[in-house]
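There are 2 protein chains.
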Amino acid sequence: MRIKLEHGAGGEIMEELIRDVILRNLTLTSAGGIGLDALDDGASIPFGDRHLVFTIDGHTVRPLFFPGGDIGRLAISGTVNDLSVMGAKPLALANAMIIGEGFEGENFERILKSMDETAREVPVSIITGDTKVVEDKIGIFVITAGIGIAERPVSDAGALVGDAVLVSGTLGDHGIAIMSHREGIAFETELKSDVAPIWDVVNAVAGAIGWENIHAMKDPTRGGLSNALNEMANKANVGILVKESEIPIKPEVKAASDMLGISPYDVANEGKVVMIVPKEYAEDALKAMRRTKHGKDAAIIGEVMEKYRGKVILETGIGGKRFLEPPLGDPVPRVC
Amino acid sequence: MRIKLEHGAGGEIMEELIRDVILRNLTLTSAGGIGLDALDDGASIPFGDRHLVFTIDGHTVRPLFFPGGDIGRLAISGTVNDLSVMGAKPLALANAMIIGEGFEGENFERILKSMDETAREVPVSIITGDTKVVEDKIGIFVITAGIGIAERPVSDAGALVGDAVLVSGTLGDHGIAIMSHREGIAFETELKSDVAPIWDVVNAVAGAIGWENIHAMKDPTRGGLSNALNEMANKANVGILVKESEIPIKPEVKAASDMLGISPYDVANEGKVVMIVPKEYAEDALKAMRRTKHGKDAAIIGEVMEKYRGKVILETGIGGKRFLEPPLGDPVPRVC
Numbered sequence: 001m002r003i004k005l006e007h008g009a010g011g012e013i014m015e016e017l018i019r020d021v022i023l024r025n026l027t028l029t030s031a032g033g034i035g036l037d038a039l040d041d042g043a044s045i046p047f048g049d050r051h052l053v054f055t056i057d058g059h060t061v062r063p064l065f066f067p068g069g070d071i072g073r074l075a076i077s078g079t080v081n082d083l084s085v086m087g088a089k090p091l092a093l094a095n096a097m098i099i100g101e102g103f104e105g106e107n108f109e110r111i112l113k114s115m116d117e118t119a120r121e122v123p124v125s126i127i128t129g130d131t132k133v134v135e136d137k138i139g140i141f142v143i144t145a146g147i148g149i150a151e152r153p154v155s156d157a158g159a160l161v162g163d164a165v166l167v168s169g170t171l172g173d174h175g176i177a178i179m180s181h182r183e184g185i186a187f188e189t190e191l192k193s194d195v196a197p198i199w200d201v202v203n204a205v206a207g208a209i210g211w212e213n214i215h216a217m218k219d220p221t222r223g224g225l226s227n228a229l230n231e232m233a234n235k236a237n238v239g240i241l242v243k244e245s246e247i248p249i250k251p252e253v254k255a256a257s258d259m260l261g262i263s264p265y266d267v268a269n270e271g272k273v274v275m276i277v278p279k280e281y282a283e284d285a286l287k288a289m290r291r292t293k294h295g296k297d298a299a300i301i302g303e304v305m306e307k308y309r310g311k312v313i314l315e316t317g318i319g320g321k322r323f324l325e326p327p328l329g330d331p332v333p334r335v336c
Numbered sequence: 001m002r003i004k005l006e007h008g009a010g011g012e013i014m015e016e017l018i019r020d021v022i023l024r025n026l027t028l029t030s031a032g033g034i035g036l037d038a039l040d041d042g043a044s045i046p047f048g049d050r051h052l053v054f055t056i057d058g059h060t061v062r063p064l065f066f067p068g069g070d071i072g073r074l075a076i077s078g079t080v081n082d083l084s085v086m087g088a089k090p091l092a093l094a095n096a097m098i099i100g101e102g103f104e105g106e107n108f109e110r111i112l113k114s115m116d117e118t119a120r121e122v123p124v125s126i127i128t129g130d131t132k133v134v135e136d137k138i139g140i141f142v143i144t145a146g147i148g149i150a151e152r153p154v155s156d157a158g159a160l161v162g163d164a165v166l167v168s169g170t171l172g173d174h175g176i177a178i179m180s181h182r183e184g185i186a187f188e189t190e191l192k193s194d195v196a197p198i199w200d201v202v203n204a205v206a207g208a209i210g211w212e213n214i215h216a217m218k219d220p221t222r223g224g225l226s227n228a229l230n231e232m233a234n235k236a237n238v239g240i241l242v243k244e245s246e247i248p249i250k251p252e253v254k255a256a257s258d259m260l261g262i263s264p265y266d267v268a269n270e271g272k273v274v275m276i277v278p279k280e281y282a283e284d285a286l287k288a289m290r291r292t293k294h295g296k297d298a299a300i301i302g303e304v305m306e307k308y309r310g311k312v313i314l315e316t317g318i319g320g321k322r323f324l325e326p327p328l329g330d331p332v333p334r335v336c
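Sequence order for the protein chains is A and B. Numbered as in this note's numbering, the first sequence ends at 336 without a single skipped number. Numbered as in this note's numbering, the second sequence ends at 336 without a single skipped number.
Some hints here could point you the wrong way.
[Claimed, not checked] Under the rule of at most 30 angstroms between Cα atoms (straight-line distance), these lysine-lysine pairs were calculated in the DSS-like manner: (1) B/137 x A/4; (2) A/4 x B/113; (3) B/113 x A/89; (4) B/113 x A/235; (5) B/235 x A/113.
Because the hints were derived from the structure by calculation, they are not lab data. Please read all numbers here as calculations on a predicted model, not as lab measurements.
Based on the provided sequences and hints, a complete structural model is requested.
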């Protein structure tokens, strides 16, 4: 077996690698809370009457600078969002950079400034780091880890029959913007990545309805909405029904996806949360999201049901229904 | 300015990059304890009556498998040791891997098994992770972050005049083993890296003399003993005198260093600690170290003095004295 690009692309092929190779070889994978084998956005450790949440992500996106963001903003947002969707207030970040020899110092500073700006939006401090330089002409990889504190960690496995499914805004922006930029597709309205830290969105909902009423959350990055919903349905052993007419998609993202032949449901988002809450709290959660900077286009897109356990059903605009399958991998390579 | 290999090699050139570029562009760098600007082995966060310690390191060593270890063992040891020298019991690790397309699955599993074995030695769990695959033929980079708990974090800046300086074993083994292996230098006694987790060594000393009596600790990785001692002298504004006759060096390491023209004081160690304690506790600390698996060759190598503030003096075998300068960078590229 040789490692292929698909092994790192989110989706089913990556999950196979993690289950069959990584988890089979690692034997100490928990510190008393949510561990590696949960395959969640992060892990948790009980600590006094609270929980530490711990997460790490390598960022290898190409190009380094793209419409709406750059690898620095992506690295900070990615880690803050993994903490946020575990229900944890970001406490501190660590930043490891692996740089290719000859990398332009100006670009390096641009990336650092962007990291700083993004961290200040949250706000969260970058308290430790590491720098390595290699001969390989890789440009730069930015690996960020984060610690957060949760009163009550939120897993991605807690959906209950009858719950409502929300998203905090338009879907597909990041993946489609990256791919359109690479392919040179231009529209009158510029396609932009949604990359942003969304602690404010999650925290606003928790303030409105309480952490105990956020049953499940997930960061729909690699593999997009399709992958996130399928994981949530599978882990909770419930069916999830979403309505195409309710899923917010920008017209320019729709147009570009059609041209590229890529579904906006299958690509990474970098500033969104998929949240599952009891139906009676759905409107309050929605209002709370919409009051935040990154949640203005939030929507209730579906519900959790007993039928089709482990599956996601998409009700199309014309009233038909089909399975929304998890992608084998995100169709956009090096998307994050 | 373009990034050069030396910018990631430990030593003075790397410190310049960190001070002049990284720290100038990052403005939120502390969470109330030891922060990024301390340039210590990790950071700390006050938490109740204890302290969280947080650290991250990217590992890019070549070759991936070397006498005495591999990149997996290095990644776990590196992070465990950074926590240990901050006085923190390792609580949990995070593991991000960036893999080059086409990387051999068997080697991937070998690395995972080695990480697992090393983590079990401590023991510490790997509770969260990330996998990315890139087209660049990089082999594999392993980036590990760690959280630990300290009753009382130990910085590398606390040396006091009159203190004794200890090392937990022979110096130069890792760097010289890597370089000899690359150059094909062979001896009857095989040169081996010292890569190992040393929480047991640090914890044994703390048990014997108390955390409050460990004034300063450092992990002499990139830039080796020279860099570690110079940082400790500089940060505490004291002089450090070490005696060449007391510094433990294996004969085969000495022989190989002579052939390679590289000082064993300037290269990375991956299973050692440099510790500074009050003189009256030095013998107890030494005995505690020597009782541990990785501390058998521990030695008291010198003392902290008022003269030559910020400098390190090496007393040579024949009674002469010279400055032990910090290297511009570790003379072995891709050493860790």
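Okay, the hints, checked on the actual structure:
1. B/137 x A/4: It holds: about 12 angstroms lies between the C-alpha atoms, which stays within 30 angstroms.
2. A/4 x B/113: holds (20 angstroms)
3. B/113 x A/89: violated (34 angstroms)
4. B/113 x A/235: holds (27 angstroms)
5. B/235 x A/113: With a Cα-Cα distance of about 27 angstroms, the restraint between residue 235 of chain B and residue 113 of chain A holds, given a limit of 30 angstroms.
Violation of the numbered hints given earlier is confined to hint 3; every other hint is satisfied by the structure.
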